[in-house]
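Peer 1: The lines below spell out each chain.
Protein chains: 2
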Amino acid sequence: MKIALAQLNYHIGNFKENTEKIRMAVRKAEQQGADLVVFAELAVSGYPPRDFLEFDDFIRKCHKAVEEIAQDCTDIAAIVGCPVKNLTGKGKPLFNAALFLENGKVSHETYKTLLPNYDIFDEYRYFEPNRKFETIQFKGKQIALTICEDLWNTGDHPLYVANPMHELMKYKPDLIINIAASPFHYDQQEIRTRILSQNAKNNKLPVFYVNHAGAQTELLFDGGSMVFTPEGVVFDELKYFEEDLKIFDLEEVKHSKKAQSAHHGQSEKIGLIHDALVMGVRNYFKKLGFHKALLGLSGGIDSAVTLVIAVRALGAGNVRAVLMPSAFSSDHSVTDAIKLAENLGCQYDVISIEEAYKSFENTLNPLFRGLPFDITEENLQARIRGVILMAISNKFGHILLNTSNKSEAAVGYGTLYGDMNGGISVLGDVYKTQVFELADYINKDQGIIPLNTITKPPSAELRPGQKDSDSLPDYEILDDILYQYIELRRGPHELINQGFDEETVKKVLRLVNTNEHKRYQTPPTLRVSPKAFGMGRRMPIVARYLT
Amino acid sequence: MKIALAQLNYHIGNFKENTEKIRMAVRKAEQQGADLVVFAELAVSGYPPRDFLEFDDFIRKCHKAVEEIAQDCTDIAAIVGCPVKNLTGKGKPLFNAALFLENGKVSHETYKTLLPNYDIFDEYRYFEPNRKFETIQFKGKQIALTICEDLWNTGDHPLYVANPMHELMKYKPDLIINIAASPFHYDQQEIRTRILSQNAKNNKLPVFYVNHAGAQTELLFDGGSMVFTPEGVVFDELKYFEEDLKIFDLEEVKHSKKAQSAHHGQSEKIGLIHDALVMGVRNYFKKLGFHKALLGLSGGIDSAVTLVIAVRALGAGNVRAVLMPSAFSSDHSVTDAIKLAENLGCQYDVISIEEAYKSFENTLNPLFRGLPFDITEENLQARIRGVILMAISNKFGHILLNTSNKSEAAVGYGTLYGDMNGGISVLGDVYKTQVFELADYINKDQGIIPLNTITKPPSAELRPGQKDSDSLPDYEILDDILYQYIELRRGPHELINQGFDEETVKKVLRLVNTNEHKRYQTPPTLRVSPKAFGMGRRMPIVARYLT
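In order, the protein sequences belong to chains A and B.
Heads up: the first sequence begins at 1 in our numbering, then just goes up one per residue.
Heads up: the second sequence begins at 1 in our numbering, then just goes up one per residue.
To be clear, the hints were calculated from the coordinates, so they are not data collected in a lab.
All the given hints hold, so there is nothing to weed out.
The list cannot tell twin chains apart, which means a pair is met if one copy fits it or any two copies do.
Keeping only pairs whose Cα atoms sit at most 27 Å apart, straight-line, the calculated DSSO-like set for lysine-lysine is:
1. K531 x K518
2. K132 x K90
3. K506 x K286
4. K506 x K16
5. K90 x K531
6. K258 x K172
7. K201 x K90
8. K246 x K21
9. K358 x K395
10. K507 x K292
11. K2 x K170
12. K507 x K64
13. K64 x K16
14. K507 x K286
15. K257 x K246
Work out the full structure: start from the sequences and follow the hints.
Peer 2: Right under this line is the structure:
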């Protein structure tokens, strides 16, 4: 039996495009001699459709798409992910299904048993878990068909009480197929490979795994679909960060004596992050039907790295950088920024914020007279820049890119409605120390980012001689504390016991918690870590915990 | 047996305050002769603690609080809601528990079975459902102790497969206690009463129900704890929108021949919304430790109603209104706004945006020269106002109130980083037609809001002669379509079949869906409807559905 894995980039709710894409892949797989072509989880709707799943009209459109696809499945069978109605009269209204299409119609429906409901996942919001298990007979083979998380209940402290593979093994399957929607983070490929390999080894069965490629707003699907031998060795894998289709012979996989895993992807973590961000920006624009990006280029490292990523995603001709110096900007900030824009070959404008700043001083003078310069005036500068960027964006149809990094977002070192503006946050899940790594990675072959941008002490340049280190711990320490608090959910005692200064720990944790109100209003953030701000981290605002 | 219901206003993560409050209520109940005092679901932590539940430190603090409370429970017993660790080694790491405290310690742990995971609820994110059922013996009675949703699996299409009361009835309980965290929406009290009454009647048992009072950011807990006779009649209820403690004699409730339900609350829907919003604003400020509010007062109805609510929540002395007329403002806008501020007795400032507007015209002139006035310049005015309001807020320590209504938020009729700014959205879950009702309700005794503000055609006043009706359908029609799409999840065909104009329906639905990116960055919204924007409505941004 020949099995094609079709790793496609779907667009949520774009039924026309998704259906055409799937049908084209069915034809291609058939032409190349496949007996079965496998698509990803919820391929028909795109993943995650979120609360669109609550609309009958949306579900009807999913089913209509499946009907169309099924018509092409006469000389080939297909597996396609689709939400279906729960007709049992009890429980959540839908199942997350893998539909088996053959002879022009749906011949089997398999439902997902283990519904992820943590971090960015909300599947129990919509779906009732499966409780009935059976394999699918096709061309004399028994297929154990599973959906993503169904294979993930391994390890010592399983997150679920049930284990679908234990049930399916009773039917003596010949192979495992897993259709997934597994978004990228920098450790995900390693985890995924380990878990799928365990499933292959434990059950002594080949595993065929299909993922999505492409981004849906903040979620970056890295593709990397895989095939495992019954010994748990990676037989082959599909491309990373792009669409791909590949055909495998079941017998060949089953009897392969491969001792070494195949791996075609990036192995360097920072390279993975770079590629994920480029794909994220590219897909965000494409799926919204926009071409042109805009950003404020300060001469600092965050906007520099964001600009490079934007140019790589959209092309230099589609990216416009705006330099907005003030009285507090250092000379080199402007020259560094211009140098970078010229290195990249993208359009830039220099617009002073002086006149606007003076006008607000005058306007507010009746209220502020005699009061000292404080955070108000710092924020004012950032907000004037925000207004200018949004005006250009409105006038010419750019999307503004947010350039804040994760360290800033964490401690609230940024101005709401100012530099925190943007349609999408490119670096909001990248700590400052990782932004430096990204800059080095970008510069490794040729010095694209001016060295001065990388080496000078970080500063918001909102008052004379300001440095980030005036109000924050050194980024090495800050990022370490943030990582342990945010990614690892370690508390104050655990951190202090590690030797971090008590006052620093308490200050940082307080800053993170009291700035929840700011993060609530920031753009969606391209997710590259296991715990990004946004839909994956849900915090109360009025709470008083560690504050 | 005498049972006290303690309906308190908790603060998420504020263990010191919550514990003190609970201990004080334990003492008060004991002094008043209660045998048992019942607190709400997750009382110890406040509800919803959201992802703080993922922190061991947070859970440890919950347990420490319970230990302290238990020390007071020697001559009285207490039931208190608290998250506890799942020690079974399988499934989610926590249970949502009701702890029974007597003789100075925890004598029983009851876990929640039905975990709401829809709308604003995310309980399956954290908690493993209970699978073991038993009653609690106390003073010769068998108590069926349940947690909120555990009693909600009634009706023809139950959302859950299990039904805890079916299991508990096997132990022949003498009464049902339900501890809840049931947030307000304008129909919730009616639904709640019906469901609890059904439980009493079906099981022929008295029901003691305890809710939270007070707001946690957007979630408004309206209190209204209730006691039901075994015939399902409301024996008595506690106060609405505030703390309360009341003691009931079990035998008296059990043998009551009441035929008429007791109801002390507001019965008018718009009055309920009004009271909920006032409580929401008051609690938001109190729990954040702020006193002073700021808002832009335009002379229009939305900011007028918001101002009245803010004054009622915080006192006139704590609310500052800022009028920011432009060349496009009508004269009456300023006079109406001043009249209202004077009627309420709150401070107001008049600040022209003219100079700032001109300065941006000059600043952007090199880029915009020769291009026509468009949405850019409209947004510019709104953003200048946003900058002024945030500057005053930063300088003097006010929280800015957002004054957008739900109709605007739905169709994106507002400027991001302009009039969509604010710490909390007061009217963001109130459709424009309901804002008019609120204005009438506020004006019913005395004409607080100038009549002209209510009767003039709504306008953003961002270009000459502009009216909302230039770009939107009449609010009667718009709100009807929005309500059916947002609250009822009806699709385009269902709406068109009702007789709505096809083009209008498609336009409105497209506006709702394409403005998801704006709503993503708006403040949390006080929730008064069954489907508010924010945590209860989760939509993709890059989707292409009905657009």
